[in-house]
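Engineer: Those protein sequences? They're chains A and B, same order as listed.
In the numbering used here, each number is its position in the first sequence, counted from 1, plus 11.
Counting along the second sequence from 1, when you hit position 65 you're at 62 in the numbering used here, and nothing is skipped either side.
Read the hints as simulated data drawn from the structure, not as lab findings.
Check each hint, because a few of them may be wrong.
[Said to hold, decoys possible] Calculated cross-link-like contacts (lysine-lysine; reagent style DSSO-like; alpha-carbon spacing at most 27 angstroms):
| no. | chain 1 | residue 1 | chain 2 | residue 2 |
| --- | --- | --- | --- | --- |
| 1 | B | K117 | A | K97 |
| 2 | B | K2 | A | K98 |
| 3 | A | K181 | A | K128 |
| 4 | A | K65 | B | K16 |
| 5 | B | K117 | A | K160 |
| 6 | B | K103 | A | K97 |
| 7 | A | K128 | B | K117 |
| 8 | A | K52 | B | K103 |
| 9 | A | K62 | A | K128 |
| 10 | B | K103 | A | K128 |
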Amino acid sequence: MGLYGPPNGGKSTLANKICQDWLGEEMSSVSHIAHETREIKIKEQVNIKNKKGKELTFSLVDTPGISTKIDYEDFIKKGLKKTEAKKRAKEATKGVIDSIKWLDDMDSVVVVLDATKDPYSQVNITIIGNLQARNIPVLIAANKVDLKKANIEAVKAAFPQYKIVGISAKYGKNVEEFYEQLFALAK
Amino acid sequence: MVTFKFVPYHEVDGLSSAKRVNKLLKIVKEDKIVIMEGRLRRQEEADLIEITMEEISPKFKGIELSVIYPDKDKQDAMQRLKGVFADALLGDRQGLTIIGPASIVKKIESNPDQIELFTKERSKKASRRR
């Protein structure tokens, strides 16, 4: 099961929440600077249970955020030195390419969107459109619902044909509903 | 000054996916904003992002991309029926694809009612309504 989405949507925070809840350990590092995850990360044998006692085992794949542009100067503005920023930009471009290449290897995907941002971005549409074209089941996690600016209704309006769960991966809000939806996704 | 380059569908219709994507990206790398009649296939959109990432350098920072396409969820039954025929006849020719260099186009915001293209050059907003 892959976690896909734009940079800084909360994929790694959600990956950590899942791993903390069911494996008792973290999976990925998180940062306020975009493109913190620049390599595909895999955690195998994640086993979750629901209230009815059903179990679901999957390999969790945390992917680098997909973006159409990467400017090393943006990293400098976030406090990185020039050489470090250029290195991060180079790694980030490779990460985006890897994320796209890995789409074919997914059995199901959770698209993690930042619910405080415009859901109609072409990156979101391209990711979801490519998953649809490959017949890969999709669940949309509208993340960061703990923030006032979060607008889950806008996400629902943008993608009316998909199941959408509003969560806060950081604070664990509504993750029980999210886990329940993973069982439906895996059917 | 911002330059727009219109690409009619017949110019890309007969091209392979790779050639189609490369043709559009070549125009964008000339600091022009592409307005293409029709849309890329889903896989081609992903290919465009992938090739863009391969080309990123200190000079070329990537692209802004937006596709305008009839929102089928907001159409009535008759409009949808017409859309089925239009899809069969026109294929990917329906809609518009806008691709701009990230060094010039700050962002393209699209929602069901309008497309807004924000440029970096003059910090002014050019708004296009469909």
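Engineer: Confirm or reject each hint.
Structural biologist: Taking the hints in turn, this is what the structure says about them:
1. K117(B) x K97(A): Given that 27 angstroms is the threshold and the Cα spacing comes to 22 angstroms, the pair holds.
2. K2(B) x K98(A): violated, 33 angstroms
3. K181(A) x K128(A): Holds, at roughly 17 angstroms.
4. K65(A) x K16(B): Violated. K65(A) to K16(B) sits at ~49 angstroms, over the 27 angstroms cutoff.
5. K117(B) x K160(A): holds, 26 angstroms
6. K103(B) x K97(A): holds, 20 angstroms
7. K128(A) x K117(B): holds, 20 angstroms
8. K52(A) x K103(B): Given pair K52(A), K103(B) is violated - Cα atoms ~31 angstroms apart, limit 27 angstroms.
9. K62(A) x K128(A): violated, 33 angstroms
10. K103(B) x K128(A): Since the Cα atoms of K103(B) and K128(A) sit roughly 16 angstroms apart, the hinted pair holds (cutoff 27 angstroms).
Taken one by one, the earlier hints fail for this structure at numbers 2, 4, 8, 9, listed in ascending order.
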